[in-house]
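Asks: Sequence order for the protein chains is A and B. Take the first sequence: its position 67, counted from the start at 1, is 67 in the numbering used here, and no numbers get skipped. Take the second sequence: its position 248, counted from the start at 1, is 248 in the numbering used here, and no numbers get skipped.
Hints listed in this document are in silico derivations from the structure and should not be mistaken for laboratory results. Treat the hints with care, since some could be wrong.
As the list claims (entries may be wrong) - The calculated label-pair distances, taken between Cβ atoms and stated as ranges, are:
{"no.": "1", "chain 1": "A", "residue 1": "G16", "chain 2": "B", "residue 2": "W141", "range": "52 to 58 Å"}
{"no.": "2", "chain 1": "A", "residue 1": "T137", "chain 2": "B", "residue 2": "Q29", "range": "51 to 57 Å"}
{"no.": "3", "chain 1": "B", "residue 1": "D202", "chain 2": "A", "residue 2": "R61", "range": "51 to 57 Å"}
{"no.": "4", "chain 1": "A", "residue 1": "E183", "chain 2": "B", "residue 2": "W6", "range": "29 to 35 Å"}
{"no.": "5", "chain 1": "B", "residue 1": "Q29", "chain 2": "A", "residue 2": "D203", "range": "28 to 34 Å"}
{"no.": "6", "chain 1": "B", "residue 1": "N43", "chain 2": "A", "residue 2": "E134", "range": "35 to 41 Å"}
{"no.": "7", "chain 1": "B", "residue 1": "L242", "chain 2": "A", "residue 2": "D68", "range": "28 to 34 Å"}
{"no.": "8", "chain 1": "B", "residue 1": "W250", "chain 2": "A", "residue 2": "T265", "range": "57 to 63 Å"}
{"no.": "9", "chain 1": "A", "residue 1": "T137", "chain 2": "B", "residue 2": "T167", "range": "52 to 58 Å"}
{"no.": "10", "chain 1": "B", "residue 1": "W6", "chain 2": "A", "residue 2": "D68", "range": "25 to 31 Å"}
{"no.": "11", "chain 1": "B", "residue 1": "T167", "chain 2": "A", "residue 2": "T169", "range": "38 to 44 Å"}
{"no.": "12", "chain 1": "A", "residue 1": "G10", "chain 2": "B", "residue 2": "G230", "range": "41 to 47 Å"}
{"no.": "13", "chain 1": "B", "residue 1": "T167", "chain 2": "A", "residue 2": "S261", "range": "38 to 44 Å"}
As the list claims (entries may be wrong) - Stretch-level coverage of chain B by chain A, calculated; a stretch enters the list once three of its residues show a Cβ under 8 Å from a Cβ in chain A:
{"no.": "14", "segment": "2–9"}
{"no.": "15", "segment": "39–49"}
{"no.": "16", "segment": "211–225"}
Said to hold, decoys possible - To list a few chain A residues with every Cβ distance to chain B over 10 Å, as calculated:
{"no.": "17", "residue": "G31"}
{"no.": "18", "residue": "L93"}
{"no.": "19", "residue": "Q102"}
{"no.": "20", "residue": "A103"}
Just so you know, even glycine gets a beta-carbon here, dropped at the ideal spot from N, CA and C.
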Amino acid sequence: MTQPAIFTEGLSKTYGTLRAVDRVNLEVAPGSVFGLLGPNGAGKTTLIKLLTALVPPTEGRAVVAGHDVLREPYAVKAEIGWVAAEVILDDELTAWENLWLQAKLHRLSGWEPRARELLGYFGLADRARSRVSEFSTGMRKKLEIALALLHQPRVIFMDEPTIGLDPGTRRMLWDLIRGIHREFGVTVLLTSHYIEEADALCDQLAIIDHGRIVATGTPAELRSRVSSDLIEVETRDPVDPETLRSLPGVIRVEGTGQSLSLRVTRSEEVLPALLPALGPQKVRRIHVERPSLETVFLDLTGHRIDGDEGGKVDFRKFYATIRRSRQ
Amino acid sequence: MMDQFWGLFLREIKRTYRNPLVLVMTVVQPFMWLAFFGSSFANAPPSFLEGYFHTNNYIAFLLPGVLSTSMLTVGMFSSMSTIQDKRFGYMKRILLTPTPKSTVFLSKAFGATTRGLVQIPVMAVAAMAFGVALPTSPGLWAIWVTGLFCLGLGFCSLFMTLTVTSTDWQTPGVISNFVTMPLMFASTALFPSASFPAWMQDFSRINPVTYSATLGRAILLGDPPWTDLGYLVIFALAMVVLGAWVSSRWLKIE
Numbered sequence: 001m002t003q004p005a006i007f008t009e010g011l012s013k014t015y016g017t018l019r020a021v022d023r024v025n026l027e028v029a030p031g032s033v034f035g036l037l038g039p040n041g042a043g044k045t046t047l048i049k050l051l052t053a054l055v056p057p058t059e060g061r062a063v064v065a066g067h068d069v070l071r072e073p074y075a076v077k078a079e080i081g082w083v084a085a086e087v088i089l090d091d092e093l094t095a096w097e098n099l100w101l102q103a104k105l106h107r108l109s110g111w112e113p114r115a116r117e118l119l120g121y122f123g124l125a126d127r128a129r130s131r132v133s134e135f136s137t138g139m140r141k142k143l144e145i146a147l148a149l150l151h152q153p154r155v156i157f158m159d160e161p162t163i164g165l166d167p168g169t170r171r172m173l174w175d176l177i178r179g180i181h182r183e184f185g186v187t188v189l190l191t192s193h194y195i196e197e198a199d200a201l202c203d204q205l206a207i208i209d210h211g212r213i214v215a216t217g218t219p220a221e222l223r224s225r226v227s228s229d230l231i232e233v234e235t236r237d238p239v240d241p242e243t244l245r246s247l248p249g250v251i252r253v254e255g256t257g258q259s260l261s262l263r264v265t266r267s268e269e270v271l272p273a274l275l276p277a278l279g280p281q282k283v284r285r286i287h288v289e290r291p292s293l294e295t296v297f298l299d300l301t302g303h304r305i306d307g308d309e310g311g312k313v314d315f316r317k318f319y320a321t322i323r324r325s326r327q
Numbered sequence: 001m002m003d004q005f006w007g008l009f010l011r012e013i014k015r016t017y018r019n020p021l022v023l024v025m026t027v028v029q030p031f032m033w034l035a036f037f038g039s040s041f042a043n044a045p046p047s048f049l050e051g052y053f054h055t056n057n058y059i060a061f062l063l064p065g066v067l068s069t070s071m072l073t074v075g076m077f078s079s080m081s082t083i084q085d086k087r088f089g090y091m092k093r094i095l096l097t098p099t100p101k102s103t104v105f106l107s108k109a110f111g112a113t114t115r116g117l118v119q120i121p122v123m124a125v126a127a128m129a130f131g132v133a134l135p136t137s138p139g140l141w142a143i144w145v146t147g148l149f150c151l152g153l154g155f156c157s158l159f160m161t162l163t164v165t166s167t168d169w170q171t172p173g174v175i176s177n178f179v180t181m182p183l184m185f186a187s188t189a190l191f192p193s194a195s196f197p198a199w200m201q202d203f204s205r206i207n208p209v210t211y212s213a214t215l216g217r218a219i220l221l222g223d224p225p226w227t228d229l230g231y232l233v234i235f236a237l238a239m240v241v242l243g244a245w246v247s248s249r250w251l252k253i254e
């Protein structure tokens, strides 16, 4: 039995009265890509801070790359790499100087060949002497991943690795994460609030909401937990949910008035009966969804993962601030 | 620890010298003091200058004082650099490596102090242009620079201690106004303390700026008082120990 790359037991973090991380038990197998999926404010970032030994846990324990985060924080930090959501590099320095500083901070010797190899791998070899302020977002992201790999860490943490990126760059990054995982054999723990990202990249997933892990498994396992289809209906006038509950194939009806959501066995069989029951003139909008991680999430937490638009706006503002202050 | 300190220290230096505006700012301010404030006694009767300042050239009196006050103001830069790293998230990048927080503190304090030292040669040349005779002995220069370095290091450490939990761009400026003004005026940097009221004389007697200004003036006359240098070394050491302890406890990524 190999030692897990990350192991936590009853891990909790409380800020005042807020329990940001609540009794989390995790086990991440070495060499896997593990995804923490949850909406903004679910506790993903706090959990990463605990696992990277940046803040001490209030309760419970965490062992990362064989070291306890509370007792041996420096040993943990020596074994982990980190890729920030917002791309954190020193813009005044060149790409090579950023690597040099990272090597100094990790007290590496003989790091230069590996640095050159990484720059080559990420296609940045000819830009080693350029200042990072001249780099595009994609190049910055690549350099940041090169920094994270420089000291040959056992675990890499990626906090929202593709947030705020355009679809092309996001695709490129997905390929890159798959690639480095394959080439460098490193365990990757990433957080995301993009369902399709977690689905595309991760071997194992944990769904986190309000600081608690509500489900874990492979993406396929999680999807299979929900076999029913979801039908969301908006009507012009209020509808009594009782009249719909008796329809064949309807498992449950939630909501009241003009906005209802139904769990049904097979939507193609239920819909023909559902429309007459509602009265076709009354229906304003109807939305059918097959089982997906999105509906799993909805099922487990009672809300959609991107329901909180406020969080997204915040990030856009955050990027704007960064851009302004760089000028 | 040496590796990490050296890396972060060189980063501070590189960042400073790649930003010409910062350098210009660092040098112009004390030069303005020397040129404008220093010239305010240009037409004073020599007997007054001799009696009050013990020199016939006020700029010769002012040079050690202005160098001292400018080392006092560079303290603000260590705080600003730290707050910038917190706001850009770079502090997180540093603290996610096995780098102790006290090492981050030391690199900021030494980095900002070194940045302040660039003023010395520029000011020395400017003072010579105003007719001030400077010492030629390298030993005297070494003592003078050591004194200024200790003064700067002490104040950089003090600023870092006062702003350790801050993430606000404005805090260093506000604190600077509270710290710089009284320390500058209640010292012998600009005027001798002979005509100060008693309470200001008492304050001036423990003010490190006074010791640095006195040391510089004695060196211009060719006679360094070792006790003044000792006072500055102890001030720097005490502040560095305090800052390292406070930083290791309270320095956060944001």
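Asks: For each hint, tell me whether it holds in the structure or not.
Replies: Right, here's what the structure says about each hint:
In this structure, G16/A and W141/B meet the distance hint of 52 to 58 Å, their C-beta atoms being roughly 55 Å apart. Our hint of 51 to 57 Å for T137/A and Q29/B is violated, since their Cβ atoms are close to 37 Å apart. Under the hint 51 to 57 Å, the C-beta atoms of D202/B and R61/A, about 55 Å apart, fit the expected range. For the hinted restraint 29 to 35 Å between E183/A and W6/B, the CB-CB distance of approximately 32 Å keeps it satisfied.
Distance hint check: the CB atoms of Q29/B and D203/A are about 59 Å apart, inconsistent with the given range 28 to 34 Å. The beta-carbon spacing between N43/B and E134/A, approximately 54 Å, falls outside the hinted interval of 35 to 41 Å. Taken as a hint, the range 28 to 34 Å holds for the pair L242/B and D68/A, whose Cβ atoms sit roughly 31 Å apart. At roughly 58 Å, the beta carbons of W250/B and T265/A sit within the given window of 57 to 63 Å.
Between T137/A and T167/B the CB atoms are about 25 Å apart, so this pair departs from the stated range of 52 to 58 Å. Roughly 30 Å separates the CB atoms of W6/B and D68/A, a value that falls within the hinted 25 to 31 Å. Roughly 29 Å separates the CB atoms of T167/B and T169/A, a value that falls outside the hinted 38 to 44 Å. Distance hint check for G10/A and G230/B: the Cβ-Cβ separation is about 55 Å, which falls outside the suggested range of 41 to 47 Å.
T167/B and S261/A have their C-beta atoms about 43 Å apart, which keeps the hinted 38 to 44 Å range intact. Requiring three or more residues with a Cβ within less than 8 Å of a Cβ of chain A, the coverage given for the segment 2–9 of chain B holds, as 5 such residues are present. Against chain A, the segment 39–49 of chain B contributes 0 residues with a C-beta closer than 8 Å to a partner C-beta. That does not satisfy the three-residue criterion, and the hint is violated. Note: the segment 211–225 of chain B has 0 residues with beta-carbon separation from chain A under 8 Å; the three-residue rule is not met and the coverage is violated.
The Cβ of G31/A lies farther than 10 Å from every Cβ of chain B, with a closest approach of about 22 Å, so its non-interface assignment holds. Distance check on L93/A: its Cβ comes as close as 7 Å (rounded) to a Cβ of chain B, failing to clear the 10 Å threshold; non-interface status is violated. The Cβ of Q102/A does not lie farther than 10 Å from every Cβ of chain B; its closest approach is about 7 Å, which violates its non-interface assignment. With a least beta-carbon separation of about 8 Å from chain B, A103/A fails to lie farther than 10 Å from that chain, contradicting its non-interface assignment.
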